[in-house]
Amino acid sequence: MAYHLVTIEETGETFRCSDQESLLVGMEKLGKRGIPVGCRGGGCGVCKIQIVSGAIKKRVMSREHISVADEAAGRVLACRSKPTSDVVLRVVGLMKKNILRND
Numbered sequence: 067m068a069y070h071l072v073t074i075e076e077t078g079e080t081f082r083c084s085d086q087e088s089l090l091v092g093m094e095k096l097g098k099r100g101i102p103v104g105c106r107g108g109g110c111g112v113c114k115i116q117i118v119s120g121a122i123k124k125r126v127m128s129r130e131h132i133s134v135a136d137e138a139a140g141r142v143l144a145c146r147s148k149p150t151s152d153v154v155l156r157v158v159g160l161m162k163k164n165i166l167r168n169d
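The sequence shown begins at 67 in this note's numbering and counts up by one.
Among these hints, one or two may not hold up.
[To be verified] Okay, the calculated beta carbon distance ranges per label pair:
1. Ala135 x Gly97: 30 to 40 angstroms
2. Glu94 x Ala68: 11 to 21 angstroms
3. Ser133 x Gly107: 11 to 21 angstroms
4. Arg129 x Gly97: 12 to 22 angstroms
5. Tyr69 x Ala135: 30 to 40 angstroms
6. Ser119 x Ser84: 26 to 36 angstroms
7. Val134 x Gly97: 33 to 43 angstroms
8. Gly140 x Thr77: 14 to 24 angstroms
9. Glu137 x Cys105: 15 to 25 angstroms
10. Ser133 x Gly97: 11 to 21 angstroms
11. Ser151 x Leu96: 24 to 34 angstroms
12. Glu87 x Gly109: 16 to 26 angstroms
Please keep in mind that the hints were generated in silico from the structure rather than gathered at the bench.
All residues carry an ideal CB built from backbone N, CA and C; glycine is no exception.
With the hints as extra help, turn the sequences into a complete structure.
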């Protein structure tokens, strides 16, 4: 098992995330209150992020929430993505307002 450093671009916050856990699980470890977590299986689209840099391993995601164009632009669901290198991400989904909170 390898660990990678993940940085949330908007806040500069970082966390370690193993290559065995999803980026969503790693984000939850930040302890931010109110991070909405939906189905955890790629079907609700709540955890949409954009990979700014780095590499991930993706699992199947609902095209209702991640279009082919989204995926080509690096937008994925955090619950269906695991880091394979250090990653910088931007939160673009419904959890954005809660990630940017200062509490």
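Hints and how they fare:
no.	hint	verdict
1	Ala135 x Gly97: 30 to 40 angstroms	holds, 33 angstroms
2	Glu94 x Ala68: 11 to 21 angstroms	holds, 20 angstroms
3	Ser133 x Gly107: 11 to 21 angstroms	holds, 18 angstroms
4	Arg129 x Gly97: 12 to 22 angstroms	violated, 32 angstroms
5	Tyr69 x Ala135: 30 to 40 angstroms	holds, 32 angstroms
6	Ser119 x Ser84: 26 to 36 angstroms	violated, 19 angstroms
7	Val134 x Gly97: 33 to 43 angstroms	holds, 35 angstroms
8	Gly140 x Thr77: 14 to 24 angstroms	holds, 19 angstroms
9	Glu137 x Cys105: 15 to 25 angstroms	holds, 19 angstroms
10	Ser133 x Gly97: 11 to 21 angstroms	violated, 32 angstroms
11	Ser151 x Leu96: 24 to 34 angstroms	violated, 20 angstroms
12	Glu87 x Gly109: 16 to 26 angstroms	holds, 19 angstroms
Consistency with the previously given hints fails for numbers 4, 6, 10 and 11, ordered from lowest to highest.
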